[in-house]
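**Q** Each chain is listed here by its residues.
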Amino acid sequence: MTADVLALRRSPLHGTGFGLAAPGLTMAEEPFRSLVEVRSPAAPAGELVWRLGPDWWLVDGPPAPVVALEVPLAGELRAAGGVATDVSAHRTTLVLTGPHAATLIAHGCPIDLSIVPVGGCVQGTLAGAQVALGRTGPDSLRVYVRAAFARHLATWLSDAATPYVE
Amino acid sequence: MSRRLDTGGSRIDRSRPVTVTVDGLEIEAYAGDTLASAMLAADLPLVGRGIYSGRPRGLVGVGAEEPNAWVQVLSRGGEPMVQATLLDVYDGLAVELLAGRGRLVAEPDSTRHDTLFSHWEVVVVGGGASGRRAAAAASPEGRVLLLDDGPAVAPLDGVTTWARTTATGLYGHGRLVAVERRTDGDRLHHLQCGRVVLATGAQERGLVFEDDDRPGVMLAGAAASYVERYGVLPGERAVVWVAHDPGLRAAVALADAGVEVLAVLDVRDRIAEPYADALSARDIPVHLGAEVTGTSGDDRLSRVHTSAGDLDADLLAVSGGRNPAVQLWSHPGGRTRWSDEVAGFVPVTGPGDRVTVVGAAAGEPAHRSYLPPATWFRSSTGDPERIFLDPHRDATLHDLQRAHTAGLTSVEHVKRFTTIGTGADQGRGAGVLTVGVLAQQLGRPVGEVGTTTYRPPYLPLSFGLLAGRNRGELSDPVRLSQLHDRVAHAPMEDVGQWKRPWYFPGAEESLDEAVAREVRAVRTGVGMMDASTLGKILLQGRDVGVLLDRVYTNLFSTLNVGKVRYGVMCGPDGMVVDDGTTARLSETEWLMSTTTGNAAAVLDALEEWHQTEWPELDVTMTSVTDQWSVVAVAGPLSRDVVAALAPELDCSASAFGFMEWRSTTVAGIPARVMRISFSGELAFELNVPSWWGAALWDAVAQAGAPYGITPYGTETMHVLRAEKGFPIVGQDTDGTVTPHDLGMSWAVSRKKVDFIGKRSLARADAQRPDRRHLVGLVPVDGVSRIVEGSQLVAHGADLTAFPVPMAGHVTSAYPAGHDGRPFALALLDAGRDRLGEVLDAVDDLVPVPVRVTGPVSYDVEGTRRDG
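Just so you know, the protein sequences line up as chains R and P, in that order. Following the UniProt record's numbering, the numbering of the first sequence begins with 1 at its first residue and continues without gaps. Following the UniProt record's numbering, the numbering of the second sequence begins with 1 at its first residue and continues without gaps.
Heads up, none of these hints are tricks.
Here are the simulated lysine to any residue pairs, SDA-like style, with alpha carbons at most 20 Å apart: (1) P:Lys758 - P:Asp734; (2) P:Lys499 - R:Thr155; (3) P:Lys499 - R:His14.
Partner residues aside, some chain R positions facing chain P, computed with beta carbon under 7 Å: (4) Val83; (5) Asp112; (6) Gly128; (7) Ala148; (8) His152.
No wet-lab data here; the hints were simulated from the structure. Beta carbons: idealized from backbone N, C-alpha and C, even for Gly.
Please work from the sequences and hints to get the whole structure.
**A** This is the structure:
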């Protein structure tokens, strides 16, 4: 039953064919990540924890193979003392890597990403869609976009990548 | 005949010939040519015609100062009004000459223009010697960019260099906008700069005289540049008329290139020895204190009239001075003053610490003429109607004199009266000349007259470039529900950035027919709709109830867990700004819904109140709009459908009351079910994490099939709610409507100490009995359609006796409700006191007699919500 219901999930970019693997630039959706917004003075524990603002964090964990109204990660973070909100289905995660990744984003986002260190995160608009941008490496970025904007952003990214695909 | 020299031309590549078509005539050129140099090489003297006079016009400049050579590009998608001096040729380039005005291209522009943001510690504009020095000196400061509008910039250590890039606007806080010309489309650069160094150089200006617009009259420096850059001889026999030393240098360069320089005229009474020697060594006669008085020729120059006699020539090269290029300096508010030493306007008070200016643009001493130049603008004689100050606008000395005669003395007024400097070239050539001539006309010093204000963009920008990739489907973000694919076959209604299904037509069914069928299904059977787009905010903390009591007009803190309450939000002015339901999920968790279009504004407002006025409240807010997919199941048979989907849920009216919510599973999917109704019918809203949205829609459709479940769209939703008198904020309200005006005094607490808008609602004006109230309308004849937006006037009012007193307007109108008859909602002066009255609803002067009713036209007793 659980497996059947899990198989019914559709990520925001399901069926769109979004993705790119070119020299210098890759793009892909990582669907069904466990995403939880936490309000707490101290950084919550986790593998990928982004600071969104004062006392405001986004925790990005692996997909949870459970059928529940909220992902288990939210309950764990709440138990650890933070105010936690499950936003796993509210946003989806796009992963961009390669030397052109930051330039690609600079076609539609006025933020200076070069001063965002590895582990750092900024919020703003990319191609008119509200996003959080987290840096996981010198040439790798994670883009958290609202589910409703995901197809627009995917279309925009695929178009913006045109000069970097040859 | 080709005017191309056998050798020379620093910018052209003779190994790469290209063919260009001008007005259907094929000409040969080289890669690196501009259209202007290609036309000059092909000896095409005509580059355009006067916009009003139709007079033939020739090439004057070599860059952005060119007033005449603006062409219609026909190739590569086409583009109107392109400056030939800045248009790089390519094989297959085709253009048409213009008379000062292009035409829009009807076909979609297939060029790929785009946008790029970048960030720099220092940006230097201009790749000349001063710019390179500034860039090299700045290189230790971090990211340093040197940009230049020429075809190439030599590499510089520690500096990024961009060629073919023109800075078009400088704004406050170090924001610079530049255009990079690329072969596959232009790029609009937004540069955020720690500081900006302007090394924009100076632009040559001419001199004016009778028939100064005849093809063959060029700027002397530009003429020399065509030799140096493109290996093109601008004429065979030349007269050179100058007012400063750089003009003399150009004369020598032209002579050395093989032009027969018949004479040099200098307005000054002496010239420096090195120039005198150089000219004399080339046997060029020099006439001091001399001037050109006119020209002759058919469509091109053949004779130059001067104070020293007439000369047969095909080139008249003139140079009146050099204007420091202070446009970018002026954009963010930098001031300029006239300098006699420079004979131009030079920067003085800066626009701020971030911007400095160097080199010729600053009028630095090294860029001043060897001898103090004369400030000279025009010949002393000639017919004012044939002395062209601004050939691009066909504006003459006569026009300027008319402006003066009309009493105008300010350069800004003269500009607007004569239109000088208002063309696509923005008076880059004509501006300072006009100031000089106006000063002479007024008998005042040039500095006292001053310049007009330079504003961005420095060069014209096409709309296509400004749009960049934000066109077509990317012109604005589209928001899609996570079950969009299931409803995508329906016509869509735009609600903010959302696409929502409008109605679900069957084969050959019209909007009205489909809506009538959908309404009937919900009133008598069961319907389903995608309600996912409503804004959702999760509020957490001990003090959420306190916050809600302050932002809603009614009481929320008393709401029990498991219950839902409808609330109205007002602004501080007491006017309705939003409405929606809020469910209490636990002691400390509340889920608020907002209208589809207002979600972000409501969250922002709540955050602002919390952060600025009530920081002591223990509340956090998180947008979860996209976390949930919501399917509304509505109609008398909805309980059967939900019962089939959620076997664990007791949906009987006694166990699951109106305005309550339950956790359960729906078709195996974890869900929150709410008994909320926007139709007046028994209804359930099924909320699931949105990645199950499509699965939920499928499950509801399947479980509802035995009951004939009917998908419905926003139009039917609007009809259903309008029959119940439920207002839509933003449609039935317009920022001037209080909850009382809507007849919702029941939702305004009288007990609460305070809430946003309470004080304003106590004002006398908010309590006037004749305020506009929400009412219902039906056509008196029972069949006439009422048009949304109609004005309400007295029945039988004479619509020709203006002004016709207006009593209100129609906010929502529908061709048919449950009884098949048209009805409407309206805001009407003292409407609640006028039930039964007959008025005319007027649209486009056609009156429809209507009877005023209460806003609720269906199930007035509210007996249907429990099924």
